[in-house]
Structures are given as C-alpha cells and as structure tokens.
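**Student:** So the chains spell out like this:
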Amino acid sequence: MSVNGQSVSGDVEPRTLLVHFIRENLGLTGTHIGCETGYCGACTVHMNGTSIKSCSMLAVQADGAEISTIEGMADGDNLHPVQEGFWERHGLQCGYCTPGMIMQAAYLLEQDNAMSEDDIRHGLEGNLCRCTGYHNIVKAIEYAGAKMRGEEPAPAEWETSA
Amino acid sequence: MTATMGGTTTSAMGGIVRRKEDPALIRGQGRYVDDIKRNGELAAAFVRSPFAHATITNIDSSAALAMDGVRAVYTIGDVRHLGPLLAQVPVGKLRPLLADGVAKHVGEAVAMVVADSAAVAEDAAGAVVVDYDPLPAVIDLKEAAADTTKVHDDLDSNVLVTWVSHDWWPGVFDELEDHRPAIEEAKQRDDAVVVSLEMTNQRLIPVAIEPRAVLAEWSHGYGTVDLFSSTQIPHALAGAVAKTFGLTSHDVHVVAPEVGGGFGCKLNIYPDEILVTFASKALNRPVRWTETRREAAFSTIQGRGWVATATIVGTKDGEILGYELDGIADMGAYSQNFTVAIPVLGLYVAQGQYDIPLAWSIKCVATHTQTTDAYRGAGRPEAAYYVERIIDAYAREIGMDPAEVRKKNYFSADAFPATTAIGLTMDSGDYAMSMDALLEHAGYEALKAERDQARIEGRHVGIGISSYVEVCGFAPSVLAEFGFGWDHYGLPSSFSGSGLVRVNPDGSATVIIGTGPSGQGHKTTWAQVVHDQLGIDYDKIRVSHGDTAESPMGVGTFGSRSAAVDGAATFEAALKVKKRAADIVAHLLEAASEDVQFADGGAHISGSPGHKVTWAEIAEVAYKPHKGPDGMEAGLEAHAVFSPGNATWPFGSHLAMVEVDADTGNVEILKYIAVDDCGNRISPMLVDGQLHGGIAQGVGQAMFEEARYDEDGNLLSGSLVDYPLPTAGDLPSFDLTHTTTPTDVNPMGVKGIGEAGTIGSAQTIVNAVVDALAPLGVKHVDMPLRPRKVWAAIQEAKG
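Here the protein sequences come in this chain order: A and B.
Those letters in the first sequence? Residues 1 to 162, by this note's numbering.
Those letters in the second sequence? Residues 1 to 799, by this note's numbering.
For the record, the hints were derived by calculation from the structure and aren't laboratory data.
Among the hints, erroneous ones may be present.
Straight line, CA to CA, 20 Å or less: simulated EDC-like cross-link-like pairs of lysine to aspartate or glutamate [stated by the list, open to error]: (1) 523/B to 539/B; (2) 20/B to 159/A; (3) 523/B to 84/A.
Same shape as in the complex, but just chain B (with noise of 0.2 Å):
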C-alpha cells in the first residue's frame, strides 16, 4: 500500500507515468559500454598482484610481447610521468596507475597488456612474468591502528584522519561544544545506565549488475579524446584525464550511456579510465577494457568496513544523556575519490533523529587491501546501524519498548529548522508522526502479541525497529572546500546541479542534465517536472543525460542529490522559459503576460479556456522574431544552475518481523514495513522503486553480503559463490508506506529517495533477530546473519 499521510502535494507531484527509458531496455537494445563499438578497436587486459603486500624485483613482458596480436605492455615506468590517480579528497596515498615497485593489495594493477581481441589480451597477461618478494600484510583494522605493519613506509602512520565530532572542521566550525566530558559525567550519575557494544559494520562489494567498462579513443587530429565509460560522473572523468593529459575540460568527450547500476561504484576515477586513454593515445587506436566480475572485487571500490564501540547513557526511564561512537573505519590501500571523507557522511547522521549530546571518533585507517569509497548510502548506513542497534541494546536494558524509547528523544517537531551537534542545520522533519505511522500501518500492539504467542509456543520470533535520517544533496557551496566539489579534477565547482530546458521549433521540449544516471528514471521524471511546469505533452519532451559535450556541467548521480539537486535546476529553467513563453503568448493572444497560463500542450488566458495557443504556435513565433512583441529575445531556451543553500533531511522509521530456526541459525523474515519521508514525490512509482532496491541492499548486508580477507590480504569472497546477493526467493515483497513533510531548501519540496532504504533497513533486521534471540540470551551478532554464525550466537548464549 502506498499511503500519502500527511503534507501536501502540489500539481508537479504525484503523476504517474510509463517510464520513458523502458521501452529501448525491454527490447534489448539499451546500449551499455560494451555494446558500443569503434572501428579498430583494441582490447587491454591487466596483470594483478597475488599478493596483499610484496616488492616487486622484476617484470618480464618479453613473452607476452612475442605472441600474435599484442600490441604492447605497460608498466609504472610508463606512465609514471601521469602521476598518481587524482583523488577529490586527497588525504592519504594516492593510487600509482599502476603498482609502483611495491603492491598494496592482492588485485593491484602492475602491468597492462593491450592487444587485437580481449582473449588475446586475457592470455598474454597471464604470460608476463613478474617476480614478487612478499612482505608483512596488515588487514586487521585494529593492528592496522596501532602501526604494528605500515601500509606505506612513507607515511607517519595508517591511521590517515580522525574524524571527531567537535572537532570535524576546524575554522568553519569552531564554536563546536566537545559533548564527551558531559557524557563522562553523566555515566556517574546514580540513576545512569551504561549500555555499550563493540560491533562491526562489515566490507562490502558494490556488485553493480553491469560490471564497469571503458572504451577510449584519443584522436591526434582532432585533439580530442572520446571516453565511454560505465560512469556516475561523466564531467568529472572529463576533467580528471583532461587534467592528467595537459587537455582542457572541452578537449575530453565523455558518455555515460547506460550505465547498468552504480551504487556509488561508479563514482570514481579508475586508473583503466586513464590507462586505456594513455594506450589509444600512444597506439592511436581505440582501446576497450571491461571488467570480468571476479576481477572487479579488485578493480573498483568496495564499501563499508567499520569496526565500532558503540556507548549509551541514560536513565532507568529513557532518557538518553549521551551517545558515543569510536572506532576505526577501513581505508583500504589507497585513497581514491572521497575515501576519507566518507566517514564524515556517517558524521552528519552519527546521532540519528534524537536529540541527544554525541561524541564520535572514527579513525580512517589504511590497510593492505582493496580501495574503499562511497557504496549506497556511505558512511550514513554505518552511522545508523550503530545508533539504532545501541538504542536498542539500552531499551532492553531498561525494559522499556525500543519504540517508546526513540520516540522519547526525538527532536520534537517544532525544532525545526533543528541544529545537530556538529553544527549542520536539518530542514524539515517530524520523526514522531512517521514512527506512530509505522506503528499504526504495522498494528504493532498485535504483532507483539503475535510474536509472544509464538515464544509460548517455542518458536523464535522477533520485531525490529529502527529510526533513520538521512542527508541528500549536499550543500552549501562552501562544502566544495572541505572537498566536496570537483577542484581536483581541475572543475572547480560545489555540488551545485543544472539544467537546459529548450523548446524546438516544432514545440516538443528538449530537456538536457548534467547528471548522470544508472536506472534512476531521470529521462521520466525531469519529463514530469518539465511537462508540469509547461504543459507540453510527456511525450513530446525527451531528456538527454550523460554526455559532456552537449549536457552543461554536471556532478553526476549519487548522495540521492539528482531530484533535490539537479531537478530544481531544471525546474527554474523551466520557468526561465515559461516566463519569456508567456510574453509571446500575451502577444499573440492580446492579453498581459501574468494572465498566461500552460495547460494541455498550449497556453491559454486565466479565466478564458478557449481562447489559446499551441506549444507548436509558441514555439514558431520565438524562431521567429518578426512575429512576436518587440525587442523579443529569439529562440526559446534557458540553462540554469542551482546551488542549495543546504542540504535535504529525510527520514522514515522500518520495522521487520522474523523468525530464526535456532537449529540451523536460519532467519526468515515474515515482513517488513517502511514508512519513509522524502518530502514531496515527483514520481511515487520510482520512489518506491528505489526503496525496495535500497532495502533490499541493507537487507543484504544484513543477512548475506561480506568482503572477506584472510590475515594474508586473500579476498576470500571475490566471485558471486562466495559472496551471495539477495534473490527473489529470499526477500519479502516490502510493504511501503509514506508520510510528506516537504522542504524549502529547493522550489519543488523534493528531498531524495535513493539512499534511504538502505540506510534505514540493514539494523532493523538486527534488530529483529536479536529481539528473537534474546530470550535465550543473545544481545548481538554482528553481520552478516549467516545461519552459522546466528547458530553459533545460540550455541554461545545457552552456554
């Protein structure tokens, strides 16, 4: 059921549409990365380390160079002159573009072959003969921290940065009150009660369906390069080989086409997208590489990896006087695009919707494996699951119900516009009408008898909850300086967004976005807006995305920013277009321009229906001038780029119901629930398209997903056997509800959808196995819900 509860809706929102990317993809003819060829192509293929941490002595290419068809072999010496892969956020060691006399991590890049087919290539590079002598691998987060084996001999210490809540950034946020000794005191207090649990937010793969690819084909004549690749950031990958080649922006021709799921994967700079523009470069052919799916567990970012100690205090009756968080979160080998800033994500969202004093240390600490970078929801899943799985911890403690125990220290309604203990401003929220939502919607008195009734007869049921907030689109503009812009790959810019509204002769509209997306549905939803704010009919708009030369500068598609973003941008085009339309229409139809109205493909007079235009009279008039009202500006299109002055707050509250087989450990979940706020909805359809995407990726993490390394730095989940994703036949049909508190960060109220599901899912299942569990005993497991480790916990708690 999909239920609007509360707030309003304007005429923008709420429309139900057949999605326009659809038809090409049902029929097979969505064109990805590797569908599109180029005359004389050719192919690389790499050479990987086998291991987490070893010099290397000696690299022999001499076979691989004799057999038929391979073009060349490139090592660090190379490309060196190329410099390291440029990073947005630069803390740390920056990835060489390949292994650079030491490897760092199993997977790491040392050489790359280039050939006539992809076989080719795949048998030549096992053919390059590379002497390793291995050294000591550090993967433990703890061990890492405390310098027992340094990752980079050159650097002071793993530990990269620590990020500290009163302390996040200074000179923008100096005035920050440092919470923890007020929450030292309070653990002395008679009444206080102390709950505290060390528990892991485990790596994970991104697994995008579409494994990445790149094809790049550098023109000497021209003095440009096309770049397709399977991107999030088409503009940034422009700047970043533009900046790397001695190119300007303009010079770089990239296209996202398809782009078959990012999940924040894709938000990066890969050193292939580099090397393949260096080898068509100097063999002045097109070079194509695309990742094989065990290859990508090393190729491209994972996510996650936190190891945490999460503290409440508070009293007997619920009241929390404190939350704190330390830990250590995972860096991996090198730092990449936002690597050390992800954490600061968590930051943003480290207390939840409560109200309550925090004091939050992570360190960012580098080990001898894989990159980690943004996976959806980075760093704010991490974030919530701590804070809701310890809120828990201490409503059982105090034997009070978790949902009682949340609602008791939310920030009230009317605290909004509500400041967080970082100093960072939340718009708009009302969490106690969306958890009495969920517990209405769920019936939750009769759940809990239900689960009760079921403990009387020996089985093992159990209800989570869990609160969320999440933070979309991120801005002001002065966040491009903590490193939230494009500056490094030579684009300096914040996270602004933009649009170009053009109406065409024949009066269909042209839409063109800088973002670009990986099933998100832009093409249909930017029609929405467009249409409702012009009245030209759906289809005759067609939205363009993903392509630098024609789009205006765009930061891409993650941190859910596109609609919040990037649609307000295109939204004030719009009306940059419907106010010049409208004194055409005033021309034509004898009236004033503030009486025009858009409607139905046309515009007509207020109060006066019939007296009207088409979009295609429009449309002729602004092409030509001679017809229209003096002085009038010809053609009819507009740009425009908005820049938020915040960021957007959504919220929602989830609940799931399961039932663990304490024989084997298994748990199934019997429902789950999910109210979510992300203020108005252009489309209801993808919104919930993208919640039960996102849920069903926490649902993931919680029960089935791990990047698991041995202590020698082996990936010992590397393919789709060893690291299992949900399927159908594991997941529920997820039962949706919404509540709408809108925004005034942007003209249309809109706030973001696409990472919520999976920042508000993953500890409501914990949650719910260890309610579960908790008569026997149990008061945590950590992830991922394998039955053994679920049998394991039973095993352990009964003793």
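If we strip away everything but chain A, and leave its shape as in the complex, we get (with noise of 0.2 Å):
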C-alpha cells in the first residue's frame, strides 16, 4: 500500500488491524487507538480518499490501497490549514484525540468547505473528545473552512471580547 505517499510493505498476521500495522509496523504513532470497536474516530486516517477507522479495519483490507495519516498532513513546516485551525483556535487539550479529528475534519472540509456549524457537529459524531467540549474543535474548523476558501476567518472569541 501507500502511505503518505511513500510506498509500503509488509507482512502481517490475518489478524492484524490497520491501526496496528501503521503504529507497529510503519511506527506512525500518531494514529491512536482508543477503543478499538470504531466508536471513538482517534485512529482515524483517510483510505482512497475517505475517511475511515483503521482500528475496525485489517490490515490485509487496505493490500494496495492509497492511505493518508496524521505525519503525512503537514507539508514540511506548512501546516495543513486545519492543523493551524486546531493550535490558533485551542481545539485540543490532551492531544489523543486530536490526530483523529483532525483527518476528519480535512475529509469534511474536502467534501464542503463552506459546512455550517451544525453540519461540522453531525459530521464529527464519530470522533469523541473528552476535554474540549467540541466548542472550540468547531471553532477550528470553520477557521480552516475560511482559510480553504481563501478567506480571513472570523477573529477568535478571545479577541474580540472585553
């Protein structure tokens, strides 16, 4: 398979997850594992272009399929717009499952970047934060949202208070 655009191989277990075999065998572990039954979204990665749980997925499945994690959204010190979105907007606490949320919400972006704020929150019901409350997750990504669309985004919270 690839992954991050470089060419990978490896021979595994039947058994073997996805999120394993990216944590262990390619030690990508950025991709986390919270729950291992696809409720939590923290190994969310992107497979041929689509958002998906590599913990509820083999490893076999994804035999030469095009993958995208976390290390692959930056592009040397260029972060990803909804990378910056996370860090200006405080859209983490912990972190753990931020990589997660993260490839969800590009994958969301990519489909609309113009989402409203009630789609952007249907849209992460597969990704569950404990820390932020969501508020400021959403406020990331409409930040990224304006950014994709090449526009300013609206001015955090913090600053236009008293």
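With the hints in hand, could you dock these two chains into one complex?
**Tutor:** As structure tokens, then:
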C-alpha cells in the first residue's frame, strides 16, 4: 500500500488491524487507539480519499490502498489549514483524539469547505473528545474552512472580548 | 463572549498565546506511553473474573505456559509478599495485587500473563483455566448498607465510614455545632415548608480517550526502575513503587509523558503498575501493559455513585432554615488512593453558596463492584447536585423564582472570608454579583417570556439555573494528616507545590515543575508566568514536567490545584531569580538593584529605558562570576515550594434552556450560559477551554452516561456502545462569561478552573428539564435523562 505518498509493504498476521500495522510496522504513532470498536475515532485515517477508522479494518483489507495519516498532513513547516485551525483556536487539550479529529475534519472540509456549524457537529459524531466539549474544535474547523476558501477567518472569541 | 465584569487583572494575567504543547500534538508527534519503545519488550495481559463474588478454587496455567512466546503466568501467590496495593486513605479493604482466593468484583484481575507480544499474551490469558464457586453479590447500595451480604468477611460491616458534618474531623474541628436539632425544630414551625427528594447521582466511567498504559524496565545493574505511565501523579507512583519494592524514591524514575486525559482516573496507583514492575524485575526484560477500552471499565476507577435524600426546610417567603443530606456513597469492593475520602470533598461544599444550617451524613459503603475514586469534581459535583436540585424544588413549592430564592440565602459579599458549617474558611466571593451577571447576560426575563410563550404553543421548554462553589488546591498543610498528602506512598508531604526556574547561560529559561498535566496546558501557562516576571521571551522559555528524575517533588495534577499551588511556587521561584538577576543588572548598569525593571527580553533601569542589558548578557555574568558583583553566587536558578494557607474557592452561576419532546422524551439543549469566577485568569483561552470541557462532562452525566450493573454485578455499560459520551452533535456551543474575584491565598490571585464546569452543570440541565415538565406534574427525574426515562416520567406524572 501507499502511506503518505510512500510505498510500503510488510508481512502481517491475518488478524492484524490496519491501525496496528500503521503504528507498529510503520512506526507512525500519530494514529491513536482509543477503543478498538470504531466508536471513538482516535484512529481515523484516510483511505483512497475517504475517512475510515483504522481499528475497524484489517491491514490486509488495505492491500494496495492509498492511506494518509496525520504525519502526512503538514508539508514541511506548512501546516494543513485544519492543523493550523486547531492550534489557533485551542481545538485540543490532551491531544489524544486530535489526529483523528484533524483527519475527519480535513475529510469533511474536502467535501464542503463552507459547512454550517450544525453540519460540522454532525460530521464529527464519530470522533469523541473528552477534553474540549467540542466548542473550540468546531471553531478550529470553521477557521480552516475559511482558509481553504481563501477568506480571512473570523476573529477568535478571546480577540473580540472586553 | 468573554468579558471581565469586575475586579482587576495584573499584567501577569490575561495574555493570549498559542499553546506550546500543540505543534507536536497536531502533527501526530505527541509521545504517549504507547509510543515509547524499549528494546526487548514483553507484554502483559490479565485474566479477569467473570463473577462479582466468587471463591477461586483452582487456577490452571499449564496450557497458557505451554504456548509459544509465553514467559510467565503470575497469580497472587507470586506477589502476595508485596502486600496489597498501597492506598493514601487506607480505610476499608485494600486491593490485593491479584485476586486473593475470592474475587470481589467482575473484572478483578486474577492472573497476569507475560508474553513476547500483546497478542500472544491475550491468547494465553484466554487459556488460563480458573475454577470459581460463585457467591451472592451485593450491588444495591441500601442492601449493602444494611449488610444483607458482606463484601468482606473480615470487616465488621460494609459501611466503611460515615461522614457527618459536625463531626468530620475529631481532634481538629471539635467545636462544630450539630445543626440537626435546630433543623428538626424548624420543621415544626407553623410557617415551615419542608421539601424532600431522594435522588441518585449515578456512577460514571471516566473514559479518558487514551486508555491507561504502563511500561516498566527494571535494571538490576543500575539498581533502578524506569516506569513510563499514563498517570496524573508521577512522584506518588515513584514513591509507591519504591515502598513496595524496598527501594528509595530516587531509584524509581517515573515518566508521565503526554497523558491523554486524566479527569481523576489517572490519579491512582494501580495494581498493573506494580505488577509490570514485578514482572520486569523477575524476567529481566521491559514489560508493557496497555488497557483496552472494554477492560478500562474493570481496571480503572469509576466515580460518583450516590443515593441520598435531600431536604430543605424554609419559610414560605424563601428563607432557608436548614438543609439536610442523608445518603450512601458507593466505594466499590476495594479502597484505593482516596476512595473513602472523596465524599469529604463533597462535604467541603455541601451547603453550596448558602449561609444556612447544614446537617449532612454520608455512609461510605462497599459493594461487589469496581472501586470508585476521584472523577472530575470528586464529591463536589454530587454535593452541588443535591443542594441545587432541592433548592429548585423548594422554590417551586413556594412559588418563588429560583434565582430569587438563591439570592436570598447566599453568603453576602461582606461575609468573606466566610466560615462554612464544617469550620472551613472560604477565601473570597460575591455570589449575588455572579447571579446578577448571569441573569443579565442571559436576558433572563426575556428567556422566561420565551419559555412561557412556548408553553402556550404546547411546547415543553424549561429554564434551569444553578449556583456552585468549588474548592481547589487543598490546603492548609495540616490536611496531610487527614490523608491529603502522599505519606502512604513513602513521601511524607502535604499538598504543596513546587517549581524550579533556571536561566541558562544563553539567556533562555528552563522551568521544571513537579506536576504531570493531562491536557491542561501547563507548558503554556507556566511560560506565561515566567515571561511576565522576568521578561524573557515566551519562545525562549521551555517548561518540563512529568519526569521524577529531573523535577522537584510534585504532588500531581488534580483537584484544580496546579495554577494556584504549583503555579504560585513557580511564580515565587521566578521572583527569587529576579532578585538575583537584579543585582547583576545593577552591577552592570551601575544603578541600584531596586531600580531594575525586567521587560522585553532584558532589563533596564527604571526611568531610563535606553539603559539596558539583554538576558543573554545577564546570564553570561551569572555563569562568569568574575564579571559580577563581589561575592555573587554563580549560576542563576531558584526553586520554591509553596504551601498555601488555605484552599481557594471559585464559584459561578449557570443557566440552561431546554426543550423536551413529550412524545419521545428527547431533551434538546437550546442554550447554555455560564458565568464563572476563578479569580485572576492567567490564560483566558485555556480557562474557557477547561470550562467548555468541564461543562460537557457535566452534561454527559445529566443526559447520557451511567455505569449500570445488574443485580449480579455484571457491568451492563462497559463499552462506548452502551456508555454513550456526548458527541459534537449532542451539544450546543456554550456561552461563557466571567467575573473576577481574586484570592489572597496565593500571590497571583488565581483560584482554579479544571473542575468548575463539571460541578456547575449537571443540575443545571436537570433543573431545566424538570422546569420544562413541571406543568405536567413531574417533580424529579434521575440522571441520565435519556429519552426513555424522561418519557416514562412524563407518563407517570400523567397517571
């Protein structure tokens, strides 16, 4: 398969999950495991342009696929707009759900970079965060959407306060 | 909107900077325990009891040991000599490291398998054959309190301790008045209104998104243990491991790297941390264990779990004459770190913001379930829930606006420092100001009109409000003798804070703190504090934490204590550095030390900003003492330990507006508005972040979450399928506003914000839902307010 544009291969036990292959075989530990049942979304990656939960797929099912992980999002020092949004809008605290959140958000914005708050919230329902209450994650994604549209993001709440 | 509505902020406070933590985390480069590898690692897995109470008649490990790659299978006989798991408040039955003859809750670890990989260890765990004779289990709190079935034969009763408000700490608070007789008398008054409700504050599973993980490497050659653990208390863990294995604390090097959420559940010493250390020592290999999500419900503590009856007696015009709370709190089978002390934290804030007589009695009861301990708020959300729910019921009973009833009974602003019914002193507060700010910001009268109009249209809209007072940074030092210290982990100490500030020879600064954060942003906040004091560029300050080998003794991150205690210590360390640096600057610029001012990456002489030196120049002199004043101490660093004279007492007022679909019981939150006061704010951005997350957890309790056991002690909600957390789609954006009432307990005037949102929110939602359903005759619905339960309450009220 191809991961972040690099061709990779490996022999695995049939039961090896894609997330384990990514983390253990490839050493890409930015993709996290939070539940192993597909509910928390910490393991979200892109496969052939679609966001998927890598804990709910066997590595062999991804044979020949194009995979993108959090490590492939930034181009050198240039952060992906979603990464930038999370930093600028305090979209993370402990950071454990963050790679999955960023991958899901990037996928959503690729479909529609002018999503409403409601659509963003529903688009994130498969990704759980226990720290932020989602408020600033939504703001981060709105920031990224504006950047991707070539617009100036709305100022942060703390910039407009007294 | 965020606004400062009162008080003042110092220049130290209020800055907005991007977090230092984030660049690694947003690139997937954050290093959590499972991302750290050691050569030659083995992996552990546990065999767990399927029964809540059963005699273990035989354990046959032979099939497991015969499997390829299996290195060892350990049972209690192998580790009994290490004693039970150490607990800081050792009241009740301490947990054996592995089940000792009898399993006492579903999921209790019975054996540990160590193998070449986690997969082999899991397979082998399934091949260990354990014979059980099931015994009757007691799960229901009232049955447990009545000792219908004993959890531990060698204890007199399942009731481990009963916390009573006028007698909670004999020997220290001996002069407390028992308000019960006066409250009973008040009930007999002609104008008395007595309102009483039995309510459940259900058990919760903390669910940090990073499961717990631990990696131990014992070095026989160096005589040390390296321990990587997803813990909130690295120093306490080092102490506990040292004490268990007969080492000194500095032989145990604990690293809490990135910790993926804690919320109290990583504020514990766990048997797995001891057991992988034991296995590493025995097998001379690093040993790792990582919890699965399903396993976490059995291997990590749970929180809350109270059933209690709250009673208010008051007059018809809203004067509260007394408040009683009598109930039972679920401790689970074994006592761990603070287990039986958690309800005491509720007792701290039992009377809420109200200057009223209090009679409070909570029995701490053992059951055949997983241990309970600190979960975000730890006793305080429970206490706030009961007092704020019953005051709402009382307001409804006498037909008075719930905000008015609250305001009528608050401690007045001039009562501070105010003494509570249990003898504690609350530092500062202005509760009426907070409520007024909430009502004004929310547009309370307009919301009520909107609600009433909705009702005319046949919709079920309700408004709920709640006040709360929180207590952070437990102090004073004498509380260590109550159990709030790390004495039982071999580190006699109170919950003081520590910070070390070092100016390096190139003029950059390194700050080392003893706490181990789990998302709170300590690297950012502490850098702000030091930047503000010394003027060293924010980008040239690096903050280290969570490593016991390099940091001064630290208590840990919990109880919303870090800023108010460890932050204050770092502030004081920075002041010490500043004083020494001022002498250097005075020498270089030929001026008096007291005229030196630090700003913009260096220092200048007051009144002559052009007369300046950079931090690099100051540092060079510090490390080349021949260039400095005679007798100067070389180097430039300082360590401070701060032991506050009191806790801090944040407070706030929350409001929710909800709509209930009476046909389905579904609850929708229309608005959530909060006014919180945590004293001065170092980073308003991070304060709001803590509030958003804290409120979401309180809403989670109110609407979704419940650790539900059946009568045999099977956990029915152990996965995220049946233990739903709030998702982004379930929540609205919360509208946050602040008031600022500084404290004089620490030099920065900061109080703490980590738990406030959780303490203020669950009852706000329930009050709103009950308000929505009151026209139908509903007086109370127990959490979580899932549709089926709300619908059933509506049907019951309709008759």
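**Student:** Could you run down the list of hints and mark each one as holding or not?
**Tutor:** Hints versus structure:
1. 523/B to 539/B: Roughly 11 Å separates the two Cα atoms, so the pair holds.
2. 20/B to 159/A: The hint holds at about 19 Å.
3. 523/B to 84/A: 19 Å, holds
Taken one by one, the earlier hints all hold for this structure without exception.
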